[in-house]
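**Q** As you go down the protein sequences, you meet chains Y and S in turn. Taken in order, the first sequence gives residues 1 to 379; the numbers are from the numbering used here. Taken in order, the second sequence gives residues 1 to 219; the numbers are from the numbering used here.
To be clear, the hints were calculated from the coordinates, so they are not data collected in a lab. Please read these numbers as outputs of a predicted model, since none were measured by experiment. All C-beta atoms in this analysis are idealised placements derived from N, C-alpha and C, irrespective of residue type, glycine included.
Once the Cα atoms are required to be at most 35 Å apart in a straight line, the calculated DSBU-like pairs of lysine-lysine come out as:
(1) K197(Y) to K235(Y)
(2) K290(Y) to K197(Y)
(3) K358(Y) to K194(S)
(4) K194(S) to K332(Y)
(5) K68(S) to K47(S)
(6) K47(S) to K358(Y)
(7) K138(Y) to K332(Y)
(8) K354(Y) to K47(S)
(9) K354(Y) to K194(S)
(10) K197(Y) to K138(Y)
Cβ-to-Cβ under 7 Å is the rule here; a few derived chain Y residues that face chain S:
(11) R254
(12) G255
(13) P280
(14) V281
(15) T325
(16) K327
(17) W333
(18) A334
(19) A338
(20) A342
(21) A346
(22) R356
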Amino acid sequence: MSDKKRVSGSTTGPAHTLGEMLAERGVSRRSFLKFASYTASILALPPTAATAIAQGLASARRQSVIWLSFQECTGCTESITRAHTPSIEDLIFDFISLDYHHTLQNASGHAAEAARMAAMKENAGEYIVVVDGSVPLKDDGIYSTIAGISNLQMLEETVKDAFAVIAVGTCATFGGIPGANPNPTGAVGISDIVTGKPVINISGCPPIPEAMTGTIAYLLSFGAIPELDHLGRPKAFFGEAIHDRCYRRPFYERGMFAKSFDDEGARQGWCLFEVGCKGPVTYNACATLKWNGGTSFPIQSGHGCLGCSEPGFWDLGGFYKPLSTAKDDPLKWAAGAAVAGAAVGAASALAARKLRNKSLQAAAAAAPAAPRAAKKEDE
Amino acid sequence: MELLEFARGPALTFAIAVFIGGVVFRVVSIFALWRTRDSSANRAHEKPVVIAALREIIRRMWPETVYKQRTLFTAINGYVFHIGLALIVFFLLPHILFFQDLLGLYWPHLPNNVIYAVSIVTGVSLIAALIMRIANPAQRIISTFDDYFSWLVTFLPVATGIVATSHLGARYETLLGLHILSVAVLLVWLPFGKLMHWFLAFVTRSQTGVHLSHRGAQL
Numbered sequence: 001m002s003d004k005k006r007v008s009g010s011t012t013g014p015a016h017t018l019g020e021m022l023a024e025r026g027v028s029r030r031s032f033l034k035f036a037s038y039t040a041s042i043l044a045l046p047p048t049a050a051t052a053i054a055q056g057l058a059s060a061r062r063q064s065v066i067w068l069s070f071q072e073c074t075g076c077t078e079s080i081t082r083a084h085t086p087s088i089e090d091l092i093f094d095f096i097s098l099d100y101h102h103t104l105q106n107a108s109g110h111a112a113e114a115a116r117m118a119a120m121k122e123n124a125g126e127y128i129v130v131v132d133g134s135v136p137l138k139d140d141g142i143y144s145t146i147a148g149i150s151n152l153q154m155l156e157e158t159v160k161d162a163f164a165v166i167a168v169g170t171c172a173t174f175g176g177i178p179g180a181n182p183n184p185t186g187a188v189g190i191s192d193i194v195t196g197k198p199v200i201n202i203s204g205c206p207p208i209p210e211a212m213t214g215t216i217a218y219l220l221s222f223g224a225i226p227e228l229d230h231l232g233r234p235k236a237f238f239g240e241a242i243h244d245r246c247y248r249r250p251f252y253e254r255g256m257f258a259k260s261f262d263d264e265g266a267r268q269g270w271c272l273f274e275v276g277c278k279g280p281v282t283y284n285a286c287a288t289l290k291w292n293g294g295t296s297f298p299i300q301s302g303h304g305c306l307g308c309s310e311p312g313f314w315d316l317g318g319f320y321k322p323l324s325t326a327k328d329d330p331l332k333w334a335a336g337a338a339v340a341g342a343a344v345g346a347a348s349a350l351a352a353r354k355l356r357n358k359s360l361q362a363a364a365a366a367a368p369a370a371p372r373a374a375k376k377e378d379e
Numbered sequence: 001m002e003l004l005e006f007a008r009g010p011a012l013t014f015a016i017a018v019f020i021g022g023v024v025f026r027v028v029s030i031f032a033l034w035r036t037r038d039s040s041a042n043r044a045h046e047k048p049v050v051i052a053a054l055r056e057i058i059r060r061m062w063p064e065t066v067y068k069q070r071t072l073f074t075a076i077n078g079y080v081f082h083i084g085l086a087l088i089v090f091f092l093l094p095h096i097l098f099f100q101d102l103l104g105l106y107w108p109h110l111p112n113n114v115i116y117a118v119s120i121v122t123g124v125s126l127i128a129a130l131i132m133r134i135a136n137p138a139q140r141i142i143s144t145f146d147d148y149f150s151w152l153v154t155f156l157p158v159a160t161g162i163v164a165t166s167h168l169g170a171r172y173e174t175l176l177g178l179h180i181l182s183v184a185v186l187l188v189w190l191p192f193g194k195l196m197h198w199f200l201a202f203v204t205r206s207q208t209g210v211h212l213s214h215r216g217a218q219l
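Bound conformation, chain Y alone:
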């Protein structure tokens, strides 16, 4: 947890530590401690960790980050950068040295690639690679190329000397929409390719900004990877199902369900299970952290959870199909099975009849012989 040497980076700029930068920007110590407490809270850490986070962040040095964008829609970047009010979370993004990011960087073309190479060289073993978007593997990855090389090549080249990799968004974590059936480009998530490096998955379409900043704050504070679930996601944000934290849960238990999006149940805020909510199998912090500064989240806005932070959410059988229904058409083989069953049943009955007729004929053939034999005995 305290291996600070591993998380350090370029020291360009007037402020060398986050503490110094915050002081330069006029952020009071009280505000900073409140942020540290908040971060400890959303990371589900004990209250004592707030002090450690405050100390860790204050002394953290400028962190080099290389952000790779592959098969994606830029929604993840939009989500993270479009905070509605300036906050300390934003300052963390200001504080990191974002050395390569298609959407945000000034440089383009060869200059952009040169910046990536320079960051990799200067911070070998220490920089963090953030990836949004999936990587196409089919046909040697020709379906997405940047600067003349495939996404796969760029990823392998960049993560080679990275400290850690953060896959942001469901495309980068599990393949997402590009990986949806029939997956024409052979798209996969980052953890399917990167081995031998810690990969932190922050899934969601897009992910919750706090999940992103909280994870980075943890990395900067402790120089270590937070506790992850079996899908490589920080447990602090993905440890509980949305259903378990949903404010509509009591209606589920009482059997009160909205049957459409404009009926009385919908207006009364009843459970959305019947209109396809995937909250019971979706692990994310939407119901607790919410979106847009804690304003709301999809279920609160009246729409069921799509399950966007889960692998294969696009292929779960339909956003408006209840979770308890079959995924495909379960009756697609039914007619054939019924015909086959009837045919086999009829054949079996026919065979039984033949067997019975045969035994009756055998009995009939044997029957006349008995009186004759008896007659002989009489003679």
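Place chain S on chain Y using the hints.
**A** Here is chain S on its own, set in the frame of chain Y:
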């Protein structure tokens, strides 16, 4: 999630196909069997076929007086888990939504909490039925693999349903996947074991009633 996808997808499709094919096979093979015409004269007390059949169906719904003391618990317990299973299968909303998706039919449901309580009672009742079977020497001797496996595939959906609803032991999607898979196993086994009584219980009782009536049995 892969387990749940597999359960909701190919496993359920396969199980429903086997279930439908198996049930049709059993029903056709029984009803298309050779039936020898009974040429014997009618007995004095023989009832019309429909009356004889209905009478036997109703008569076997409760133990005879002479056996009542010995079989009353078994009879009551049988009612408990049969009614319990029917309530669970047909009155839990997620199950109704499954049938609606399958058949287009929809009917009122009971609160989840009520079904949860019914499931506990049903589970306990099924365990009691198993204990009775094992504890009774005569029943134990005549019990076969079919009896125990049929019990298991009936009990597992109830148990996994309770565990899934309670979120016990594993993640919900895993538990739900196991629950659906246990139903798939039940559907595959049903036509080929004693669980076929779902469809044949009243048929066999009717046949027995008609047979006994023709033989002049006064019941």
